[in-house]
Amino acid sequence: MPESDQPHDEVRVHETTPLIEPGHTFASVTDKISSLVLKRRTPLGWFIGFGISFMLFQLFMLAVTNLVFTGVGIFGTNQPVGWAMPIINFVWWIGIGHAGTLISAILLLLRQEWRTSINRFAEAMTLFAVACAGMYPVFHLGRPWLAYWLFPYPNTMGIWPQFRSPLMWDVFAVSTYATVSALFWFIGLIPDFATLRDRAKSRGWQILYGLLAMGWRGSARHWARYEMAYLLLAGLATPLVLSVHTIVSFDFAVAQLPGWHATIFPPYFVAGAIYAGFAMVLTLTIPLRKFYGLEDFITDRHLRNMAKVMLATGLIVAYGYMMEAFFGWYSANKYERFMIWNRMTGPYWQFYWALILCNIVTPQLLWIRRIRHSTLALFIISLVVGVGMWLERFVIVVTSLHRDFLPSSWGMYWPTVWDWSMFIGTIGLFLTLLFLFIRFLPIISIFEMRTILPQAEVEEEAA
Amino acid sequence: MAERTRVEQNLTYATPRESARYQQRALLVGALFLVLFIVGAFLPITIGGGIDQFFHSYLVGFMFWLGVAMGCLGLLMLQHLTGGAWGLVIRRVLEAGTRVLPLMFLLFLPLAIFGLPHLYEWMHRTEITEKALRAVLEAKKNYLNPTFFLIRAAVYFAIWFALMFFLNRWSADQDRTAERRYSKNMTALSGPGIILFVLTTTFASVDWVMSLDAEWFSTIYGLIYVAGWTLSAFSFVIAVMVWLATRPPLEGEVRAAHFHDLGKLLLAFVMLWAYFAFSQFLIIWSGNIPEEAEWYLNRLRGGWGWIGVAVVLLHFALPFVLLLSRDLKRNARRLATIALFILVMRFVDLYWLIVPEFNRGHFKFEWMSIVCPIAFGGLWIAFFFWQLRLRPLLPINDPYFDEAIEHGKHGGH
Chain A
24 MPESDQPHDE
34 VRVHETTPLI
44 EPGHTFASVT
54 DKISSLVLKR
64 RTPLGWFIGF
74 GISFMLFQLF
84 MLAVTNLVFT
94 GVGIFGTNQP
104 VGWAMPIINF
114 VWWIGIGHAG
124 TLISAILLLL
134 RQEWRTSINR
144 FAEAMTLFAV
154 ACAGMYPVFH
164 LGRPWLAYWL
174 FPYPNTMGIW
184 PQFRSPLMWD
194 VFAVSTYATV
204 SALFWFIGLI
214 PDFATLRDRA
224 KSRGWQILYG
234 LLAMGWRGSA
244 RHWARYEMAY
254 LLLAGLATPL
264 VLSVHTIVSF
274 DFAVAQLPGW
284 HATIFPPYFV
294 AGAIYAGFAM
304 VLTLTIPLRK
314 FYGLEDFITD
324 RHLRNMAKVM
334 LATGLIVAYG
344 YMMEAFFGWY
354 SANKYERFMI
364 WNRMTGPYWQ
374 FYWALILCNI
384 VTPQLLWIRR
394 IRHSTLALFI
404 ISLVVGVGMW
414 LERFVIVVTS
424 LHRDFLPSSW
434 GMYWPTVWDW
444 SMFIGTIGLF
454 LTLLFLFIRF
464 LPIISIFEMR
474 TILPQAEVEE
484 EAA
Chain B
160 MAERTRVEQN
170 LTYATPRESA
180 RYQQRALLVG
190 ALFLVLFIVG
200 AFLPITIGGG
210 IDQFFHSYLV
220 GFMFWLGVAM
230 GCLGLLMLQH
240 LTGGAWGLVI
250 RRVLEAGTRV
260 LPLMFLLFLP
270 LAIFGLPHLY
280 EWMHRTEITE
290 KALRAVLEAK
300 KNYLNPTFFL
310 IRAAVYFAIW
320 FALMFFLNRW
330 SADQDRTAER
340 RYSKNMTALS
350 GPGIILFVLT
360 TTFASVDWVM
370 SLDAEWFSTI
380 YGLIYVAGWT
390 LSAFSFVIAV
400 MVWLATRPPL
410 EGEVRAAHFH
420 DLGKLLLAFV
430 MLWAYFAFSQ
440 FLIIWSGNIP
450 EEAEWYLNRL
460 RGGWGWIGVA
470 VVLLHFALPF
480 VLLLSRDLKR
490 NARRLATIAL
500 FILVMRFVDL
510 YWLIVPEFNR
520 GHFKFEWMSI
530 VCPIAFGGLW
540 IAFFFWQLRL
550 RPLLPINDPY
560 FDEAIEHGKH
570 GGH
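Chains as they are written, first to last, in my numbering: chain A, 24 to 486; chain B, 160 to 572.
Careful: at least some of the hints might be erroneous.
[Said to hold, decoys possible] Computed spacing ranges between beta-carbons, pair by pair:
hint : chain 1 : residue 1 : chain 2 : residue 2 : range
1    : A       : Ser51     : B       : Asp332    : 56 to 62 Å
2    : B       : Arg340    : A       : Ile403    : 47 to 53 Å
3    : A       : Ser188    : B       : Leu456    : 19 to 25 Å
4    : A       : Arg360    : B       : Phe524    : 37 to 43 Å
Hints are computed from structural coordinates only; laboratory data are not their basis.
Note that CB positions come from ideal geometry on N, CA and C, so glycine has one too.
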């Protein structure tokens, strides 16, 4: 940078806070991150957190056991609301995963270096969220052991999936998404597995990490191939950010039901997914970096950038609600008008206005610089958005169904204790996986952090 | 500071002289075709003339060139928000593009004053006898009526002018004073500005085009225009940038790495437009509700379907495949060819959106709808070059100026 002596830093419009606090070296970065796994004694807080999560996970096991033995009748799902908590929670979880893919793939292609310290963590979150999401369609089948019937395979029963149905596309979209996310995550981990292998003291860990490192030696040829593979996978993962939630939105939009059949659904679902996902990344990152003292690596700048992404995607979601409401009225179609009016003033009006408050009103605080700079405020807003995005799916699914075309079959839906158990249980599953990840794998990419140190830049120029 | 002395040497990045010649020619072409177009209004219907035809074609030409100017406004705010070398090197072209908006306002006046009865069925609400349509128009009369329509149009233009005015003035002030606070102002305005841009574009597209069929509606419609207008502007800007970058003073300043970035963004906008347009089609096709499907049937039956297929193949598939190539994006001339091709396809798409509304069930080639865009285009381009020449071709006092130019010398990604 030839003008680095120019004193115009204070008037810069864009961020100049460093991505990594000054004073770190290659060795100190490696030490700090790998010691979380290898050296430091497992903190008591970890055991408490893991214990609570594991207990919630047992609630999930209980709910699922009851479900398999008794049947889907334990859920509140019934006519006219024939599609309730399972789809709401499926969409909620799968949406949360999208931030991980966006951070790891799209921001990589856009050369956004600030992604480096949060991508590993966000990718793990994606995987675990997709795992939670996957539970719902599988168990809601009623006979989950026949889940493989969803796949097109030659059989003597004359069963063939309906390929015109987006539910079928979902099977492929979500399984592709899970596969690519897992590959991406694992490949990103390989050089770090090698670091852990070389630093581990006990024979057992050396062998385990050594196996996972797949013979990584860090030669120039390894790196060249690695970079290429990583970039290709990023290219492959990019369309998935759009496609998965687009297809999820088609699940609703291709139907003729007012409230579902809206052409705005694809972009607004995708934006909502990224919105919820960034909210979840913030919800998890803020306590984590405090607890493990990672403020040097996950700086305030990261939080602020994520807040900005949240604000932008939140505005797209707001646009979606606005278009639904405007066209509901403009259409002059009595069913459309009734649907939007019923949402706002019908039996579930509290849900609609709570949704507006959580998803539209609250995030507007992020316009204020002081709020973006306050970790506590960001944490609270991210929680509120997480709730808001759940409410959004509730409103879309339930309010559209509970007043269908035939007034004689109108009814109400309320989740049963088993609906809630399974939902809270998947939160337990998610957190359990997350705690295991924090304990056994480097939560920040060690080698990528080294590349964004100022020292790395100097050497590149000298070469 | 080698880069600073460039300014001290009084290298002011003046627009190449040929632009004056281009401006004259564009004005000449514009004037000639405008005369032809106006004459067309008085020709008999049998040879494709007439006053109704005049306004149908007028709408096509107006919407096409409004899209280029508005797209420039949207992109200008986008690059203020995101930063980056790509935005800095095209900023002056975008600014000049936004300053054509007053011309678009002038062109809107005849439409607003004389055109409405020739275009919109909701203007004839009381004369319509078809029961179902009459009922829809009655239900929408609070929104679709001339007074409210004109009030809304005035609001759109007022917002667009305000955004254009401040963004251009602060940019000029920065050139003069080299004060960096103007960058801050422009970024601060662009946040809310882009929201206003998306909302006004949405409602303008509903008012001016969607309401041609008063019964039909689609919630993604506004976004298709947001993406489409931005794509029009981006194609136009790339073509102009290539022309500028191959001759002094920008020769050697705007380079392959810059075009590579612009090419990537062009590809992104092609995909975005296709994503919106296809989503709308798939959802309506799949739902197959008569009131809704009719809109597509009008655009698929009687030969119109071929235009639809052409839009899919040439507006999306071909540019998409070509723009994947790295070499092509770094080759300025080839990139410009694709960009101009996309601009032509933007017109074909608009023709397919508007003209079937007046010719349901049978394809019609309207010579007036070709003459009008050429007439308006001539005026537009003349106005654009006139505005472009008023300022340096690069924002010389932008805090990121040096970095953005450096990017062209090193950026090899």
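Hint-by-hint comparison with the structure:
1. A/Ser51 with B/Asp332: 56 to 62 Å: The hinted range 56 to 62 Å is violated for serine 51 of chain A and aspartate 332 of chain B, with Cβ atoms some 46 Å apart.
2. B/Arg340 with A/Ile403: 47 to 53 Å: 33 Å, violated
3. A/Ser188 with B/Leu456: 19 to 25 Å: 23 Å, holds
4. A/Arg360 with B/Phe524: 37 to 43 Å: 40 Å, holds
Consistency note: the structure conflicts with the earlier hints numbered 1, 2.
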